[in-house]
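First to last, the sequence lines map onto chains A and B.
In terms of this note's numbering, the first sequence has 329 at position 329, counting the first letter as 1, and numbering is strictly consecutive.
In terms of this note's numbering, the second sequence has 471 at position 471, counting the first letter as 1, and numbering is strictly consecutive.
Rather than coming from a laboratory, the hints here were simulated on the basis of the structure.
Predicted model, so just to flag it, every value in this text is computed and none were measured.
One thing to keep in mind: the hints can contain errors.
Which copy is meant is left open, so a pair is good if it fits within one copy or across any two.
As the list claims (entries may be wrong) - Pairs of lysine-lysine, DSSO-like flavour, derived with a Cα cap of 30 Å:
#: 1; residue 1: 507; residue 2: 272
#: 2; residue 1: 116; residue 2: 507
#: 3; residue 1: 116; residue 2: 210
#: 4; residue 1: 210; residue 2: 272
There are 2 protein chains.
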Amino acid sequence: MPIQAASDTRPSGAVVALQAAASAGVSVCFANPGTTEMPLVGALDQVPAVRAVLGLFEGVCTGAADGYGRMLGRPAATLLHLGPGLANGLANLHNARRARTPILNIVGDHASWHLKYDAPLTSDIESLARPMSGWYRAVVGAEQLQQDMVDGVRASMSTPGQVATLVVPVDFQQLPAPQQVRRADQAVPAPAFSEARVTAVRQMLTSHAKVVFLLGDRALSERGHMAAGRIAAATGARLYSETFPARTERGGGLPDIDRLPYFPEAAISVLKDALVVLAGAIAPIAYFGYEGLPSELAPPDSLTTLALPGEAADQALERLAELLDAPTLPAGAACVEYTVPDGVLTPQAIGRLLSNALPAGAIVSVEGGTCGYPFVTASSQAAHHTILTNTGGAIGQGLPVALGAAVACPERRVFALQSDGSAQYTIQSLWTMARERLPVVMLITSNRRYGILQTELGRSGIEPGPQAQRLTLLDDPPFDWLALAQGYGVPALRAQTVEDLRFALAKALDHTTGPILIEMRLA
Amino acid sequence: MPIQAASDTRPSGAVVALQAAASAGVSVCFANPGTTEMPLVGALDQVPAVRAVLGLFEGVCTGAADGYGRMLGRPAATLLHLGPGLANGLANLHNARRARTPILNIVGDHASWHLKYDAPLTSDIESLARPMSGWYRAVVGAEQLQQDMVDGVRASMSTPGQVATLVVPVDFQQLPAPQQVRRADQAVPAPAFSEARVTAVRQMLTSHAKVVFLLGDRALSERGHMAAGRIAAATGARLYSETFPARTERGGGLPDIDRLPYFPEAAISVLKDALVVLAGAIAPIAYFGYEGLPSELAPPDSLTTLALPGEAADQALERLAELLDAPTLPAGAACVEYTVPDGVLTPQAIGRLLSNALPAGAIVSVEGGTCGYPFVTASSQAAHHTILTNTGGAIGQGLPVALGAAVACPERRVFALQSDGSAQYTIQSLWTMARERLPVVMLITSNRRYGILQTELGRSGIEPGPQAQRLTLLDDPPFDWLALAQGYGVPALRAQTVEDLRFALAKALDHTTGPILIEMRLA
Chain A
1 MPIQAASDTR
11 PSGAVVALQA
21 AASAGVSVCF
31 ANPGTTEMPL
41 VGALDQVPAV
51 RAVLGLFEGV
61 CTGAADGYGR
71 MLGRPAATLL
81 HLGPGLANGL
91 ANLHNARRAR
101 TPILNIVGDH
111 ASWHLKYDAP
121 LTSDIESLAR
131 PMSGWYRAVV
141 GAEQLQQDMV
151 DGVRASMSTP
161 GQVATLVVPV
171 DFQQLPAPQQ
181 VRRADQAVPA
191 PAFSEARVTA
201 VRQMLTSHAK
211 VVFLLGDRAL
221 SERGHMAAGR
231 IAAATGARLY
241 SETFPARTER
251 GGGLPDIDRL
261 PYFPEAAISV
271 LKDALVVLAG
281 AIAPIAYFGY
291 EGLPSELAPP
301 DSLTTLALPG
311 EAADQALERL
321 AELLDAPTLP
331 AGAACVEYTV
341 PDGVLTPQAI
351 GRLLSNALPA
361 GAIVSVEGGT
371 CGYPFVTASS
381 QAAHHTILTN
391 TGGAIGQGLP
401 VALGAAVACP
411 ERRVFALQSD
421 GSAQYTIQSL
431 WTMARERLPV
441 VMLITSNRRY
451 GILQTELGRS
461 GIEPGPQAQR
471 LTLLDDPPFD
481 WLALAQGYGV
491 PALRAQTVED
501 LRFALAKALD
511 HTTGPILIEM
521 RLA
Chain B
1 MPIQAASDTR
11 PSGAVVALQA
21 AASAGVSVCF
31 ANPGTTEMPL
41 VGALDQVPAV
51 RAVLGLFEGV
61 CTGAADGYGR
71 MLGRPAATLL
81 HLGPGLANGL
91 ANLHNARRAR
101 TPILNIVGDH
111 ASWHLKYDAP
121 LTSDIESLAR
131 PMSGWYRAVV
141 GAEQLQQDMV
151 DGVRASMSTP
161 GQVATLVVPV
171 DFQQLPAPQQ
181 VRRADQAVPA
191 PAFSEARVTA
201 VRQMLTSHAK
211 VVFLLGDRAL
221 SERGHMAAGR
231 IAAATGARLY
241 SETFPARTER
251 GGGLPDIDRL
261 PYFPEAAISV
271 LKDALVVLAG
281 AIAPIAYFGY
291 EGLPSELAPP
301 DSLTTLALPG
311 EAADQALERL
321 AELLDAPTLP
331 AGAACVEYTV
341 PDGVLTPQAI
351 GRLLSNALPA
361 GAIVSVEGGT
371 CGYPFVTASS
381 QAAHHTILTN
391 TGGAIGQGLP
401 VALGAAVACP
411 ERRVFALQSD
421 GSAQYTIQSL
431 WTMARERLPV
441 VMLITSNRRY
451 GILQTELGRS
461 GIEPGPQAQR
471 LTLLDDPPFD
481 WLALAQGYGV
491 PALRAQTVED
501 LRFALAKALD
511 HTTGPILIEM
521 RLA
């Protein structure tokens with residue numbers, strides 16, 4: 001039932017909106033639509049510049065948009081069905097908010113005139129969206145839809161990036177809308193840095209015996225790594241990356257920058273008595289509060305900011321290196337192939353085998369502590385690669401982020417290093433990878449437990465009885481990862497030994513026509 | 001690191017809180033905990049009256065609590081990890097809100113003194129919780145925790161039931177708390193009805209040629225069915241149930257009460273020119289707004305309320321039947337076994353075969369339109385059973401609700417009649433069913449599409465091009481349901497013909513030691 005007169009040849013709001021999004025730089029839409037998004041679904045065929053990618057669950061869509069945005073620095077759209085559809089995507093939007101990833105959520109809503117009747121699917125979308133959205137708007141008319149869309153895209157690309165959520169009632173998608181497409185005329189400004197801050201840090205360096213640089217955001221680019229390495233070599237300062245960076249380059253001869261430890265005791269010891277220079281990172285805070293330990297991992301008066309997240313922290317580091325007359329680094333060490341003895345599979349062996357296997361330009365989405373830490377430790381010796389981590393702690397981020405990165409960068413090989421517990425939250429990612437023929441290599445560490453919870457129970461001094469113990473165990477029944485993969489049309493291999501995994505990784509690298517999953521069974 | 005002195009033998013806030021919940025009637029906790037819930041996890045072993053059931057994804061926990069609460073009329077608890085954990089459970093809490101199910105969400109939070117530092121997992125939990133929670137409270141001290149818990153349980157059991165959300169910072173879980181357990185001393189009042197309303201309806205009946213009773217909530221109990229049947233027989237009034245009742249009895253000789261049609265054209269025609277008597281139902285509203293059709297399916301001045309949701313609508317109907325001197329109904333017709341000819345599987349055949357197979361006292365969770373409507377049409381002739389439907393339209397409700405119903409009613413057989421698209425949102429339900437050895441029979445209609453979206457595209461007059469079409473199709477790759485079931489430790493059978501399904505249903509009924517899945521492939 002089209003609601004414009006047959007003689008009205010103006011395009012619908014949905015078409016105009018998608019055209020506006022495309023003009024502003026959106027070329028992918030991760031979608032899980034319902035009835036209130038049908039005009040937008042129909043419009044996708046009139047705006048082929050926007051590629052639709054279907055997710056079976058909304059958390060797959062929002063996580064994929066996060067991975068996409070981290071790689072390209074511009075937003076993918078999501079298309080979600082009213083409040084409950086948005087709600088299913090919120091956990092990964094929480095991670096995206098912490099990663100400062102540009103994302104444009106398009107949330108369909110009831111027809112504007114239908115909302116007041118509180119039909120079954122009605123809910124307070126704004127209340128749901130606000131906590132995870134830096135920008136929020138509900139469209140109030142078809143005439144505004146085009147500008148709203150442009151504003152949403154631009155808002156997502158502010159400095160730093162953010163999640164933008166646009167709620168579009170279905171009647172405004174259907175109504176005819178003005179035809180002239182306004183472009184996002186002002187270019188997004190290039191990131192900059194503060195010369196004054198660089199000078200101030202330069203002066204402070206001389207008066208502190210111990211200096212730690214805490215790097216995040218653009219400081220973890222290749223340029224940032226190289227400049228930070230020069231500074232460290234010239235001054236003796238120590239370099240750490242945020243514990244959970246949105247994106248960091250690594251390997252290929254780049255300086256080996258360790259992550260700030262996760263548990264507060266170790267992090268406090270790293271930062272103790274140091275001048276802490278924040279380059280693209282914020283003040284380090286304990287992940288959780290533990291009685292008797294401070295939340296602030298470094299005293300506030302020990303902190304100084306070289307560059308904020310979103311600013312050109314890499315250029316600020318280069319400028320600081322210049323001021324220090326820090327020599328250029330010698331060519332980085334060649335990649336090291338680890339010798340991993342045959343035998344039972346351990347987290348360390350997994351980390352090293354994956355490090356050995358990475359082709360140059362690989363992207364590795366890391367979620368799950370069991371193998372994540374050993375891999376990152378090993379991978380400084382690997383070929384140049386990009387690591388994406390879980391920035392916000394909402395579990396179920398690793399597989400969708402890998403999916404989105406693979407859509408963003410079809411010329412690069414994508415790996416997802418994942419634990420069995422965390423993979424379950426957005427397991428539906430496998431299907432979209434298969435459907436889109438994305439050659440993602442999924443490595444699932446199977447230890448049949450929530451390892452972190454067992455650790456935390458121990459830290460709390462709780463002696464777990466049968467109920468507590470069972471809440472941390474995934475062994476009854478164990479997941480059959482080969483069967484799960486088959487269920488979603490993904491080929492899979494099981495590795496129980498070093499030899500198995502070496503073989504499986506070689507197989508996986510040869511498999512370029514779609515995803516492949518490797519179950520890595522720890523004893 | 002326990003934070004009470006060794007000499008302090010008072011139990012922790014977590015223990016006191018769980019004891020309070022148990023005393024107030026909570027005996028099951030559907031849990032997906034994280035670090036900030038560890039004291040509550042540990043406390044579960046000191047309060048064995050509360051059974052912990054682990055879900056791999058929070059939507060499984062909240063949906064299970066919905067199914068549990070619908071069957072028992074008292075809340076299960078959920079245990080969720082901060083804002084993102086709650087967020088993953090919101091879609092099924094939306095359904096529970098529409099079902100008016102009593103649920104007590106227990107959401108752990110950062111230590112109260114840690115919140116201000118905006119650690120990675122921090123978010124605005126209240127903003128997330130409010131849209132789906134009739135009652136919300138954040139605990140402000142260990143001393144209040146016990147009372148807060150009792151208040152939360154009682155709030156969830158208000159008239160009608162509602163979702164109550166209690167946010168518990170981890171430090172208050174750890175701190176010692178007063179030992180005397182206060183009980184919820186006032187009994188929850190029994191539901192009542194208004195005699196005046198009954199009298200008023202009695203008078204109106206005489207002056208209207210066409211009368212439709214729209215039944216919901218307690219009017220769909222066995223008593224409500226029988227009383228409504230008497231009224232219809234005596235007056236010629238027509239009976240309809242809400243389109244998506246939280247719970248309805250059916251079969252076993254009960255009057256056959258059809259559901260109000262889903263699409264507005266048909267619903268409007270049913271209600272046209274009638275006096276519409278609302279018994280436990282609210283004013284009927286179109287599920288979605290369609291241009292040119294009213295949102296209100298019956299004019300407001302045609303509506304009169306006999307009993308509100310939460311009130312004793314069944315007793316009100318009985319009283320009305322008395323006032324009408326309506327004779328007692330003759331004994332209901334015996335169950336009818338449908339003759340289903342061998343051959344290809346159709347939705348109608350599926351509905352009838354399942355109707356034939358239901359043992360007395362079965363519970364059927366219905367989600368997905370393809371087979372849902374034909375089944376409900378058929379099942380008036382089945383043995384007495386209870387049907388639970390998707391009340392709020394947030395997809396992914398059917399499997400968890402079946403899980404929760406099976407935990408609530410171990411003596412009854414539970415079926416989940418489900419479509420392939422909707423089953424994917426909370427597919428992790430299979431694992432918890434296997435783990436808890438719940439003999440749920442899952443019937444998955446495999447039509448490899450989002451059938452409702454294809455219908456809605458057609459209604460919108462959209463001629464789908466390749467992108468729109470692909471967003472409604474699930475055939476590339478098709479799900480392998482046998483493999484998915486195996487992945488979660490659930491035995492499974494595939495049925496492509498009537499003979500197959502007859503065989504599979506017989507097998508499934510014999511399988512009483514855990515869940516079983518039947519993939520029903522439509523052509």
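Right, here's what the structure says about each hint:
For a Cα distance limit of 30 Å, the shortest separation of residue 507 from residue 272 qualifies neither inside one copy, at 46 Å, nor across copies, at 66 Å. Proximity of residue 116 and residue 507 under a CA criterion of 30 Å is satisfied in neither setting, with 57 Å inside one chain copy and 49 Å between copies. Taking the shortest Cα distances, residue 116 and residue 210 sit within 30 Å of each other only across copies (29 Å), while inside one copy they are farther apart (62 Å). Only within a single protomer do residue 210 and residue 272 lie at most 30 Å apart by alpha-carbon distance; the minimum there is 9 Å, versus 82 Å between protomers.
Hints 1, 2 from the earlier list are contradicted by this structure; the remaining hints agree with it.
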